[in-house]
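Chemist: Using the sequences and the accompanying hints, generate a full structural model.
Following the UniProt record's numbering, the numbering of the sequence shown begins with 1 at its first residue and continues without gaps.
What you were told as hints is all true, and nothing was included just to trick you.
List time: in silico BS3-like cross-link candidates among lysine-lysine, alpha-carbon distance up to 30 Å:
id: 1; residue 1: K21; residue 2: K33
id: 2; residue 1: K109; residue 2: K57
id: 3; residue 1: K50; residue 2: K74
id: 4; residue 1: K50; residue 2: K104
id: 5; residue 1: K89; residue 2: K109
id: 6; residue 1: K57; residue 2: K74
id: 7; residue 1: K148; residue 2: K130
id: 8; residue 1: K74; residue 2: K89
id: 9; residue 1: K148; residue 2: K136
id: 10; residue 1: K50; residue 2: K89
id: 11; residue 1: K74; residue 2: K43
id: 12; residue 1: K89; residue 2: K104
id: 13; residue 1: K43; residue 2: K89
id: 14; residue 1: K148; residue 2: K132
id: 15; residue 1: K43; residue 2: K57
id: 16; residue 1: K104; residue 2: K57
id: 17; residue 1: K57; residue 2: K89
id: 18; residue 1: K43; residue 2: K33
Derived CB-CB ranges, DEER-like:
id: 19; residue 1: V84; residue 2: W19; range: 32 to 40 Å
id: 20; residue 1: K74; residue 2: S179; range: 47 to 55 Å
id: 21; residue 1: N106; residue 2: D75; range: 30 to 38 Å
id: 22; residue 1: W19; residue 2: K43; range: 32 to 40 Å
id: 23; residue 1: L108; residue 2: S12; range: 48 to 56 Å
id: 24; residue 1: A150; residue 2: A56; range: 51 to 59 Å
id: 25; residue 1: R3; residue 2: F23; range: 20 to 28 Å
FYI, nobody ran anything at the bench for these hints, they're computed from the structure. Positions of the beta carbon are idealized from the N, C-alpha and C atoms, including for glycine.
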Amino acid sequence: MLRRAYRNDTLSSAQVFRWHKAFKNGREDVEDKHRSGRPLTSKFDENMSKVRSVLAKDRRLTVRMIAYEVEMSKDSVHRILTNVLCMRKICAKMVPKNLSNEQKENRLKTFLYFHTRPTDMALCNFLFPKIKQQLKGHHYGTLENVQKAATQVLNNLTEQDFQNCYQEWQNRWGRCVHSQGAYFEGDDIKL
Numbered sequence: 001m002l003r004r005a006y007r008n009d010t011l012s013s014a015q016v017f018r019w020h021k022a023f024k025n026g027r028e029d030v031e032d033k034h035r036s037g038r039p040l041t042s043k044f045d046e047n048m049s050k051v052r053s054v055l056a057k058d059r060r061l062t063v064r065m066i067a068y069e070v071e072m073s074k075d076s077v078h079r080i081l082t083n084v085l086c087m088r089k090i091c092a093k094m095v096p097k098n099l100s101n102e103q104k105e106n107r108l109k110t111f112l113y114f115h116t117r118p119t120d121m122a123l124c125n126f127l128f129p130k131i132k133q134q135l136k137g138h139h140y141g142t143l144e145n146v147q148k149a150a151t152q153v154l155n156n157l158t159e160q161d162f163q164n165c166y167q168e169w170q171n172r173w174g175r176c177v178h179s180q181g182a183y184f185e186g187d188d189i190k191l
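Modeler: See below:
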């Protein structure tokens, strides 16, 4: 009945029986008994700074090598790296899982630099299918023969072929602008 009302905020039946037995045997306080030994986190800050400094020197070190150098267990070092420092191993380097704002900005600038224009919007992409269609199914043997055949196909293209290429390009740009950049080839967008 308590489980239905309070869900996971209630004690389990086994824990209730243990507490009942303890109070029945004379226990009067509900505080935990004092435990001997130091808490697990007593040297945590010191260990974390050791791991951080070793990692700052060389990010290519393995967890085992870091553990050996700071004289800690491999599991403790791994826990510090993944949970506290939020790092993971990528391409033999420990890197942050979460990027800082500066790193995010740099990534965005790099992406925008290389992706200023969608590749399917390049004008030549509308001409290549026509060229490939005529070159397909032939074995040319050497690179020179391929170049000669491609040059011949290009020379045989008519003015109308180029006009169609420009018209298809304009249509695709129009659909992309109309959908505010959320356009994928094959979407049925009417202008």
